[in-house]
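S.K.: Line by line, the protein sequences are chains Z and S.
What the first sequence shows, in the numbering used here, is residues 1 to 195, in sequence order.
What the second sequence shows, in the numbering used here, is residues 196 to 656, in sequence order.
Certain hints may be false.
What the hints assert, rightly or not - Result set (EDC-like, lysine to aspartate or glutamate): computed pairs, CA atoms no more than 20 Å apart in a straight line:
1) S:443 / S:429
2) Z:63 / Z:150
3) S:354 / S:466
4) Z:48 / S:453
5) S:354 / Z:34
6) S:243 / Z:34
7) S:354 / Z:179
8) Z:63 / Z:44
9) S:354 / S:592
10) S:354 / Z:150
11) Z:48 / S:466
12) S:557 / S:518
13) S:443 / Z:189
14) S:243 / Z:168
15) S:243 / Z:177
16) S:243 / Z:189
17) S:354 / Z:44
18) S:557 / S:531
19) Z:128 / S:508
20) S:443 / S:453
Said to hold, decoys possible - The calculated label-pair distances, taken between Cβ atoms and stated as ranges, are:
21) Z:61 / S:216: 34 to 42 Å
22) S:508 / Z:1: 35 to 43 Å
23) S:472 / Z:3: 50 to 58 Å
24) S:560 / Z:154: 53 to 61 Å
25) S:429 / Z:3: 48 to 56 Å
Simulated from the structure, these hints should not be mistaken for laboratory data.
A virtual CB, placed ideally from N, CA and C, is assigned to each residue, including glycine.
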Amino acid sequence: MEPTRLVTGRALPLERANVDTDQIIPSHWLKRIERTGYALGLFEAWRKDPSFVLNDDRYRGAKILIAGANFGCGSSREHAVWALRESGFRAVIAPTIADIFKSNAIKNGLVPVELESDAVSRLLAAVKADAGTTITVDVAQRTVAAPGLEASFALADFFQTYLLEGLDDIALTLRHERDIAAFEANRAEWLPRVR
Amino acid sequence: MSSTLSEKVWERHVVRRAAGEPDLLYVDLHLVHEVTSPQAFEGLRLSKRRVRRPDLTLATMDHNVPTNDEPAEDISARQIEAMARNAREFGVRCYPTGDPNQGIVHVISPQLGLTQPGMTIVCGDSHTSTHGALGALAWGIGTSEIEHVLATQTIVQTKPGTMAVTVEGVLPADCAAKDVILGIIARIGTAGGTGKVIEYRGAAIRALSIEGRLTICNMSIEAGARAGMVAPDDVTFAWLEGRPFAPKGALWENALDDWRSVATDAGASFDREITIDASTLRPYVTWGTNPAQSVTIDGAVPDPDALPADARESARRALRYQELLPGTRVRDIAVDAVFIGSCTNARLEDLRLASEVVRGRKVRSGLRALVVPGSMRVKADAEREGLDRIFRDAGFEWRDAGCSMCLGMNPDVLRPGERCASTSNRNFEGRQGPGGRTHLVSPTVAAATAIAGHFALPADL
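From just these sequences and the hints, can you work out the full model?
M.R.: Encoded structure:
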């Protein structure tokens, strides 16, 4: 994965809470066996409405998605993150982001940013008033900056390093092969084996 | 120091702990299905990695498979073939379509006795929380994490918080496990458990069968929780004994001794605790487009203006999508389809409950009604009891095992505008097919609704 240090760009205001992964990418797109080819499926049902914000030319090319609370709830489908990435998004800002989505996002260089509801509301208002508003998400500083607003967000050190360096986490874990083997040697005898 | 059930299981699986890093946890069982795994196997191929523990990895096909005699459409067939090919290439046991053990991943693993107390279980599916019903710590993961678990049999995880949901008292006779969990979600909301593992406790939970507990833990994710668990007890042990992968002989005795210690200590505290009186619960019906938007069957569609400020906009949106008016009595809402199935409610007990309601009755004319057993074993068991005849005679379609109309990946989908009473877990917009409208209910309510043509209890028939 490529390193992600700074995300600077315009933002798409999606003023809805509980945006679930079935909306982000409907299930029929999950029949694909590739990691790519999901951009057209992003918010497929909502996009059929011409007034949906993703159809608004003023927000074309946005890199940051701003949404309501509990963004990415529902299914574990990583395809939701792939669809956002493929469509140019590099960060999601919301008051809360669902656990599995957050973890999937970090694995794919999509920065999950949880801010106080009040800060999210101000960002939404700014972006709605002026689609050209530039927002910067700084992974190294763990801050979000927009005209008249500066806020910091929580991101555990480990995941911050992960994003900043674009690490291969499997290679990282395999460095602990001895710990894994030692653990395996002590597992209870009754634990099931499927073959 | 005293600790909770989930903390105990967590601590037992820490492979490596380092300051400033999430824990590296061992995974006792990795369940795999055709939809979220192909990209993970491809990743292994590209990096020339193998599956570390094929003996702790089990695959099946459930999300995308046809549940009737029709062949899968080309793109689905390609995914099903990829699962079979990946299993062969990487030495993973797979129960494909046509196998007597095939079924929804969260139905087959407990049924085979693979899901056991104190284990860690992961799967690329958010409803992996189901397995917590037997005292396992089980949660859903994404495809990148699947690849990580395949390659290392471990997962890097931040330790979740703890939450106790205690359901005291006795459940009314016309309520089911589904009503307990819908009632809990109505109370705590779709993000009420975010970042936490919910432990379900109390007399009403203890009184439930394992199948009922599976239904409750299944929908923990609908409250945003990382996982849901019930401490193992004699009900658990009796249910497990003799199952194909359960320990046998002396190992069974050893396992029992250990499993009895898998419980929250008396002095342990939770990050959040709530208590619910079971006797106040009623059969629930969701009216909206998230699982917290529900009322009891005796109620009416709410007026968004009467809801708390932060719930109004999504309620208005939901009512527009669902084409419902505030004040409409739930029993006056007519449906076009009834779906009895999914990892939430397609086990033998669910089918028995539904069959009792439909026995000797007929599905309302013009209504489409489907029973999709959770596994081929459930199907065979039900047929041995003659349940298939009861459903077919009433006008239900009786299908093979799969996820089917729960998520609309196979041809079992709602048409735009169709309204469905469904025993599944999600009522998101378009979940059962683009433009489809879902109302979540228990198997009993689904069955009565199929007969009445509108939401109903058996007593209404």
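S.K.: Please go over all the hints and tell whether each is borne out by the structure.
M.R.: Now for the hints, and whether the structure bears them out:
Taking the CA atoms of residue 443 of chain S and residue 429 of chain S, the gap is near 17 Å; set against the 20 Å cutoff, the hint holds. Between the alpha carbons of residue 63 of chain Z and residue 150 of chain Z the distance comes to roughly 18 Å, so the proposed pair stays at or under 20 Å and holds. Proximity of residue 354 of chain S to residue 466 of chain S is assessed by CA-CA distance (about 13 Å); at most 20 Å being required, the pair is judged to hold. Between the alpha carbons of residue 48 of chain Z and residue 453 of chain S the distance comes to roughly 55 Å, so the proposed pair goes past 20 Å and is violated.
In summary, the hint linking residue 354 of chain S to residue 34 of chain Z is not supported, as the alpha carbons are separated by about 31 Å, beyond the 20 Å threshold. For the hint linking residue 243 of chain S to residue 34 of chain Z, the alpha-carbon distance of about 18 Å falls within 20 Å, and the restraint holds. For the given pair, residue 354 of chain S sits about 19 Å from residue 179 of chain Z by alpha-carbon distance, which is consistent with the 20 Å threshold. A C-alpha spacing of about 18 Å is found between residue 63 of chain Z and residue 44 of chain Z, which places the hinted pair at or below 20 Å, so the restraint holds.
Only pairs whose Cα atoms come within 20 Å are accepted, and residue 354 of chain S paired with residue 592 of chain S is rejected, the gap being roughly 44 Å. For the given pair, residue 354 of chain S sits about 29 Å from residue 150 of chain Z by alpha-carbon distance, which is inconsistent with the 20 Å threshold. Taking the CA atoms of residue 48 of chain Z and residue 466 of chain S, the gap is about 43 Å. The hint is violated against a cut of 20 Å. Under the criterion of a C-alpha separation no larger than 20 Å, the hint pairing residue 557 of chain S with residue 518 of chain S is inconsistent with the structure, at around 27 Å.
With a C-alpha separation of about 11 Å, the suggested pair residue 443 of chain S and residue 189 of chain Z falls inside the 20 Å cut-off, and the hint holds. For the hint pairing residue 243 of chain S with residue 168 of chain Z, the CA-to-CA distance comes to about 14 Å; that is within 20 Å, so the pair holds. For the hint linking residue 243 of chain S to residue 177 of chain Z, the alpha-carbon distance of about 17 Å falls within 20 Å, and the restraint holds. For a cut-off of 20 Å, the pair hint linking residue 243 of chain S to residue 189 of chain Z is broken: about 31 Å separates their Cα positions.
At roughly 35 Å between alpha-carbon atoms, residue 354 of chain S and residue 44 of chain Z are farther apart than 20 Å, so this suggested pair is violated. A threshold of 20 Å between alpha carbons decides the hint, and for residue 557 of chain S with residue 531 of chain S the separation of about 15 Å falls inside it, so the pair holds. With a C-alpha separation of about 18 Å, the suggested pair residue 128 of chain Z and residue 508 of chain S falls inside the 20 Å cut-off, and the hint holds. A hinted pair counts as satisfied when its Cα atoms are at most 20 Å apart, and residue 443 of chain S with residue 453 of chain S qualifies at roughly 14 Å.
For residue 61 of chain Z and residue 216 of chain S, the Cβ-Cβ distance of about 36 Å falls inside the hinted range of 34 to 42 Å, so the restraint holds. About 36 Å separates the C-beta atoms of residue 508 of chain S and residue 1 of chain Z, a value consistent with the hinted range of 35 to 43 Å. Residue 472 of chain S and residue 3 of chain Z have their C-beta atoms about 53 Å apart, which keeps the hinted 50 to 58 Å range intact. The hinted window of 53 to 61 Å between residue 560 of chain S and residue 154 of chain Z holds, with their beta carbons roughly 57 Å apart.
Judged by the Cβ atoms, the range 48 to 56 Å given for residue 429 of chain S and residue 3 of chain Z holds: they are separated by roughly 54 Å.
Comparing the model with each numbered hint stated earlier shows that hints 4, 5, 9, 10, 11, 12, 16 and 17 do not hold.
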